[in-house]
Each structure stands twice: as structure tokens, then as C-alpha cells.
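A.B. asks: Next come the chains, spelled out residue by residue.
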Amino acid sequence: MSFDINIKITDRLGVTHQIEAPTDMALNLMEVMRMYELAPEGTIGICGGMAMCASCQCYIESTHELSEQSDDEEAMLSEAFHVKPNSRLGCQIQITPKLEGLEVRLAPEE
Amino acid sequence: MITTDILIIGAGPTGLFTVFEAGLLKLKCHLIDALPQPGGQCSEIYPKKPIYDIPAYPEILAGDLTKKLLEQSKQFKPGFTLGERAETIEKQVDGSFIVTTNKGSKHHAPVVAIAGGLGSFEPRKPALDQLSDFEDKGIAYMIKDPEVYRNKRVVIAGGGDSALDWSIFLSDVASEVTLIHRRTEFRGALDSVEKVQELKNKGKINLITPAEVTALFGNDHLEAIEVTQTGQVAQRIETDAFIPLFGLSPKLGPIANWGLEIEKNAIKVNNALDYQTNIPGIFAIGDVNTYPGKLKLILCGFHEATLMCQAAYKIINPGKRFVLKYTTVSGIDGFDGTRKEAPKSVVKSID
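In order, the protein sequences belong to chains A and B.
Using this note's numbering, read the first sequence as starting at 4 and increasing by one per residue.
Using this note's numbering, read the second sequence as starting at 10 and increasing by one per residue.
Hints are supplied without guarantee of correctness; some may be wrong.
Think about it this way: if two alpha-carbon atoms lie no more than 25 angstroms apart in a straight line, the pair counts; the simulated DSS-like pairs of lysine-lysine are [as the list claims (entries may be wrong)]:
1) B:LYS303 x B:LYS357
2) B:LYS58 x A:LYS87
3) A:LYS11 x B:LYS273
4) B:LYS134 x B:LYS37
5) B:LYS35 x B:LYS115
6) B:LYS211 x B:LYS58
Rather than coming from a laboratory, the hints here were simulated on the basis of the structure.
Please model the entire structure based on the sequences and the hints provided.
C.D. replies: What follows is the structure, given as C-alpha cells:
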């Protein structure tokens with residue numbers, strides 16, 4: 004059986020949204036943000052989710068254990084701007100039941 | 010002044026397929042693209058990645074799709090203005106348009122088709138003081154002609170394929186190549202990484218990692234950069250050129266100021282008819298447009314391009330009757346004199 008998880012996302016204007024994300028649609032965090040239109044089209048998920056741009060960079064503000072960074076993600080973050088130690092690419096974070104209560108903040112647009 | 014029938018802004022898959030569909034209607038096309046090569050995102054962002062939803066191709070690499078599209082439209086002899094961004098548009102009294110690029114090239118056409126995808130790809134620039142002062146005066150974000158670096162000292166920054174490939178290439182051209190990257194790991198094709206290692210060992214590439222360029226020096230022209238290696242004192246490197254290669258990010262850019270109706274960073278079009286914008290004669294096709302139910306898919310761009318060409322035909326040939334022809338029946342007559350047609354079936358009696 005599948006269910007939704009609760010996620011807190013702070014957008015680029017500083018507004019925090021409490022949203023429900025389905026765990027049965029193979030979604031990633033970037034896609035959830037697009038689904039809820041938390042950033043204008045064309046400013047997030049530009050590369051489509053290939054870890055080839057940093058338009059979905061976000062800061063992880065809760066203590067959830069996330070999947071390891073892939074080489075591609077690590078390399079992209081090493082070239083991105085506004086990177087902090089808690090930076091991740093939203094497109095590389097799959098929505099799973101373990102992420103219940105996740106809190107993230109979208110990084111500024113480059 | 011370049012003159013054509015349909016001026017296409019953007020040489021991605023949608024723009025390239027427009028050339029073919031327009032060619033069938035005997036309309037000539039010219040394409041403008043800010044990137045130095047055709048293919049748009051497919052060539053620039055993910056040439057080696059597979060696409061699975063191009064009809065009749067169970068799998069095709071984005072780079073190969075570009076090659077096939079170029080081959081398909083070749084006989085219609087498209088013109089290209091590459092490495093230049095469409096900047097301004099002026100409507101003429103006869104309803105035609107003049108589009109001028111950032112380099113001043115002028116293009117005249119009765120129909121403009123914006124197939125600009127996510128916009129023009131602008132280089133991602135590092136945050137450095139005086140950066141813009143030295144642009145084109147030692148600083149470049151794209152290498153169009155490597156010969157300008159012959160016997161010059163060059164500093165390249167970045168950790169991707171383009172930084173690696175250009176460092177390798179310029180090590181034979183420039184007098185000195187320095188490659189600076191924020192990490193010790195590079196993200197690129199394995200053979201490029203190995204080649205850089207080999208050139209570094211031979212002393213042909215000066216590799217500084219993990220490090221960042223932290224300042225620029227010069228009067229009228231760039232003369233030196235400051236590089237700071239993690240945990241060390243900054244050092245000054247004299248150089249003739251600094252090329253930051255941090256990838257590209259798309260911006261709708263000057264098109265946003267053309268008086269077109271924009272919604273969600275895309276151009277609103279009439280999808281019930283022909284993908285025309287609020288300005289008659291200007292169309293928007295592919296990822297750059299929006300309408301209710303829009304899907305940003307290459308295959309949707311192809312469909313939009315085809316319908317748009319019909320509308321362009323009517324503008325360019327007012328009052329002329331039109332009947333749809335099938336390529337299998339009519340063949341294709343190229344503007345280069347070539348003809349492609351289905352082989353005639355043989356009629357021969359059997360004794």
C-alpha cells in the first residue's frame with residue numbers, strides 16, 4: 004500500500020509550504036516542487052533531472068538520512084554557485100516513506 | 010542582410026525539423042542560435058544521453074538525433090547564424106521582420122518562428138570583481154576560434170568535459186595552459202581525464218586543484234589572475250586569457266522584450282490553429298511556447314513545426330491554393346537540385 008508523506012519546502016521567496024508528496028509515483032524532490040509550482044516553470048528542473056544543472060539545488064534543513072550523492076551530483080554541486088555543506092540536487096532525491104517530515108529550502112536562482 | 014522565407018530562432022530539434030517541413034512547401038529557412046553548433050540542448054547538455062520517446066526510434070542518443078535531423082533537412086540548404094543571439098526585432102511596413110543579433114548580423118524574413126527552447130544558453134559566470142570589464146579583453150566563456158590563443162598564456166577554470174577538452178586542445182596551441190578546478194575529481198569522459206593527467210605529467214598542462222580563481226588584474230586588458238588553493242596562500246599567475254567553463258544556463262533573454270505575451274517563462278500561442286503569437290507573423294514552437302495542455306516534448310515540437318509551416322505558407326503565398334502531398338507519393342525535390350523518390354515498381358509480364 005502506498006501513502007503520501009509530509010514535506011516542508013521553503014521557496015525562493017522565503018515562503019514555507021507544507022505539502023503532501025505521493026511515494027508511489029517514482030517522483031523526486033524536484034518533480035514534487037514543480038508539481039506544486041513552488042518555483043516558476045523554466046527556473047527549476049531545467050535539465051529535466053539529469054544532475055546536469057543546479058536549478059533544483061536545495062538545502063536540507065532536517066536530519067533525515069538521504070541517499071548517497073552520485074558522482075554526477077557531486078560534480079555538479081562542485082561547480083554550482085551558492086553551495087553549502089547541506090546542499091543537494093532535488094532531482095536526485097527520490098520521494099520514499101523514509102522522508103516523512105523532510106524540511107528543505109530551495110537555493111537561490113543562479 | 011540575410012534574407013529568407015522563415016527565420017527560425019533556435020537550432021534545436023524543433024527548429025531543425027522546421028527546415029524540412031518548410032522545404033516540402035518550397036520555403037527556405039535560416040536559423041539563428043546562440044550556441045556555436047546546431048542541436049540546442051541535445052548537443053549542448055546531453056549529447057550522449059539516450060531518448061526513448063522519438064517515434065520509430067526505440068532508443069536514440071540526443072547527439073545522433075541532431076545528426077539525423079541535419080541530414081534530413083540538408084537538401085533544403087538551411088542557412089545558419091551560430092554563436093549569435095537574436096537581440097531585436099523590427100516590424101517593417103510590409104509586415105516582414107528584421108531580426109538583429111548581438112553581433113549586429115541582420116536577417117530579413119516575412120515569417121519568424123521562435124523555436125528557442127528554454128531560451129538562449131548563457132555561460133554561467135563566476136562571481137569575480139571586474140569580470141565584465143575584461144570580457145572580450147582576455148576573458149571568454151566560449152571558444153569559437155582556438156587560433157586566437159596561439160602562443161598565448163591561457164588559464165581555464167572548470168571541471169567538466171569542455172574544460173578538459175579545451176585544455177587538451179590548447180596545450181598544443183597556447184604557449185602555456187593552466188587548468189584550475191574546485192575539486193581534484195573531474196567530471197568528463199575517462200579518456201579526457203587520462204589525457205589531462207598525461208599532459209600534466211609531461212608538464213604541458215599546469216594543473217591547480219582544489220583551487221578557485223579569486224581575483225582578476227589588469228588595466229585595459231586582463232594581465233593576471235589570483236588563484237587560491239584550498240588551505241594555501243593565494244598566488245598570482247600572469248596570463249593573456251582566462252576562460253571560465255562552468256557550463257551554460259538558459260535564459261529567455263531579449264525575446265522577452267519583443268512584445269510577446271509571456272506566461273510561465275514561455276510564449277503564449279494559439280494552439281487551436283497554428284502556434285502564432287499575439288504578433289501576426291511571429292510563431293513560437295517547441296519548448297518555448299505555452300498553451301493549455303502543453304507538453305515540453307521533442308515530438309510535440311515536431312507537430313507544432315509542421316502546422317506552423319502551413320500558416321507560414323499562407324502568409325508568404327497569399328491566396329494560393331494548397332493541397333497536402335505525401336513524400337512517398339511525390340518524392341522530395343531539394344533546393345540543391347537533388348531529387349528523392351520512391352522507386353517505380355517494375356511492370357513486366359510473366360510468361
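A.B. asks: For each hint, tell me whether it holds in the structure or not.
C.D. replies: Hint by hint, here is what the structure shows:
no.: 1; hint: B:LYS303 x B:LYS357; in the structure: violated, 52 angstroms
no.: 2; hint: B:LYS58 x A:LYS87; in the structure: violated, 29 angstroms
no.: 3; hint: A:LYS11 x B:LYS273; in the structure: holds, 24 angstroms
no.: 4; hint: B:LYS134 x B:LYS37; in the structure: violated, 37 angstroms
no.: 5; hint: B:LYS35 x B:LYS115; in the structure: holds, 23 angstroms
no.: 6; hint: B:LYS211 x B:LYS58; in the structure: violated, 33 angstroms
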